[in-house]
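Residue numbers (this note's numbering), protein chains in the order written: chain A, 266 to 518; chain B, 266 to 518.
Any given hint could be a false lead.
Identical copies carry no separate label here, and so any pair may be met within one copy or between two of them.
Claimed, not checked - Here are the simulated lysine to aspartate or glutamate pairs, EDC-like style, with alpha carbons at most 16 Å apart: (1) K483 x D407; (2) K416 x E366; (3) K500 x E366; (4) K483 x D345; (5) K359 x E344.
Just so you know, the hints here were simulated from the structure itself, not pulled from any lab data.
Here's the letter readout for the chains.
Protein chains: 2
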Amino acid sequence: MNDLAIQRAYGIFDFFRTVNGKFIFADDHLDRFFYSASQMRLEVGKTKDELKELLAELAAKNNIPDSGIRITLTGGYSEDGYSLAKPNMVITQKPLIAGKENNADGIRLISYEHRRQLPDVKTIDYIMAIWLRPWLLQNIADDVLYHQAGKVSEIPRSNFFIVAHDNKVATAGNNILKGIIRKQVLKISGSRFDTEEKDIYLDDIRDAKEAFITSTTKQVLPVLQVDGQQIGTGKPGEITMWLREQLTQLVYD
Amino acid sequence: MNDLAIQRAYGIFDFFRTVNGKFIFADDHLDRFFYSASQMRLEVGKTKDELKELLAELAAKNNIPDSGIRITLTGGYSEDGYSLAKPNMVITQKPLIAGKENNADGIRLISYEHRRQLPDVKTIDYIMAIWLRPWLLQNIADDVLYHQAGKVSEIPRSNFFIVAHDNKVATAGNNILKGIIRKQVLKISGSRFDTEEKDIYLDDIRDAKEAFITSTTKQVLPVLQVDGQQIGTGKPGEITMWLREQLTQLVYD
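So here's chain A without its partners, still in its complex pose (with noise of 0.2 Å):
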């Protein structure tokens, strides 16, 4: 209770994955969280190597072949339930199998004006994506799309992209938390699409051919509708779906 978390809901994460019993992406997870780390003034207290090996003992031991590996580092115990104090880190491991979604189902969106505390550092702030459910619910949408004055930036826990009638396909580059799949998913456009980071606005989404999603749950997810308005054909596109075949082929190579 006397945590920075808990107190006054400072801590930041990431999440790792691992396939048969390997890390995949580990380096960028790390690096991530590094990053999260210090732009949050936490020590992590461990170097990268240290945690590696924590990352490796601890899967070794729960033995969990297809799993979610979250590492969260808190305030730390405040004595005056404000200042930072010596950080707290905890490592859970739980099943996991990304990407189990059917590739038909895609899903829907609907946008909403907000834009993220800090957005590029992995908080454990969702308060409101979480706050946001129920209005999803009312407007038959899956999730959530944030923009500020029509610029989209992100999902709550995913990165979105769209490909353009001409098959360019671009992501958000800015007020976005840079995600390891979305990086991952740069490169293979880039090794044969013209692919950019660049703003997007909602009216970009309209005139769009295809969208997607990328996380390390969903992997790529079509999306097939933002706003209640069908993208392209309204089923999933095919570099979409080319661009998810060519990430899991990554991920079991």
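Following the hints, complete the assembly by docking chain B onto the known chain A.
Just chain B, lined up with the frame of chain A:
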């Protein structure tokens, strides 16, 4: 670790004060606590009367006559780390002598453009406030005054008032957490001065005769400087000190 407060920063609280073993403005705090819970769709699971009894029981057992009591209500143990579960409620008590700052001390504020998420709800989110603290130190300021495009709202744990040269007293009415001491000070002030809730701009502060903040912990505390500029004479104002005395009297009566 599985509570949504740590997973997703999803929780609320309220902070009660006891003086000589008696709860001060307990009904106001309870009303606000239930309001916050309802806004966040968290079931308190107790009536106000039941909660009052619990508070009294705790106070009797702890026997800390001058104290702060915090009731925290969280999103609960969430299966998927994202969906609301049955809320957890924890009540803690610690010694507290409120308003112990020296009258003459006063504080220096620095303005920062930010609006709290769900500002009228007492969530546990103080991420920006704590994140800004090193910046306050660098700028020789004691606390931060939030504004949006020059329109002032609040201090992270206090409300903000100004007194104009014609003795009009004003505090922001929107995008704030409505403080319990703020309410009392509005009442006391209104008994003698023209007092209103209205939009206050940074420019208004520069022209003000006095400024002060209110909170359960600080009661009424003079503001001597905002953004490095002296307010009025640069000393605690007469009306500020009168309000402070009146409030103290009310509390001890």
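Do the hints match the structure? See the list:
Taking identical chains as interchangeable, the C-alpha atoms of K483 and D407 lie at most 16 Å apart only when both belong to the same chain, with a minimum of 13 Å there against 44 Å between chains. Proximity of K416 and E366 under a CA criterion of 16 Å is satisfied in neither setting, with 28 Å inside one chain copy and 46 Å between copies. For the identical chains of this complex, K500 and E366 are intra-copy neighbours only, at 15 Å inside a copy versus 64 Å across copies, given an alpha-carbon limit of 16 Å. Proximity of K483 to D345 under the C-alpha cut-off of 16 Å is restricted to the inter-copy arrangement: shortest distance 14 Å between copies versus 40 Å within a copy.
Taking the shortest Cα distances, K359 and E344 sit within 16 Å of each other only across copies (11 Å), while inside one copy they are farther apart (32 Å).
The structure is inconsistent with hint 2 alone, although it conforms to all the rest.
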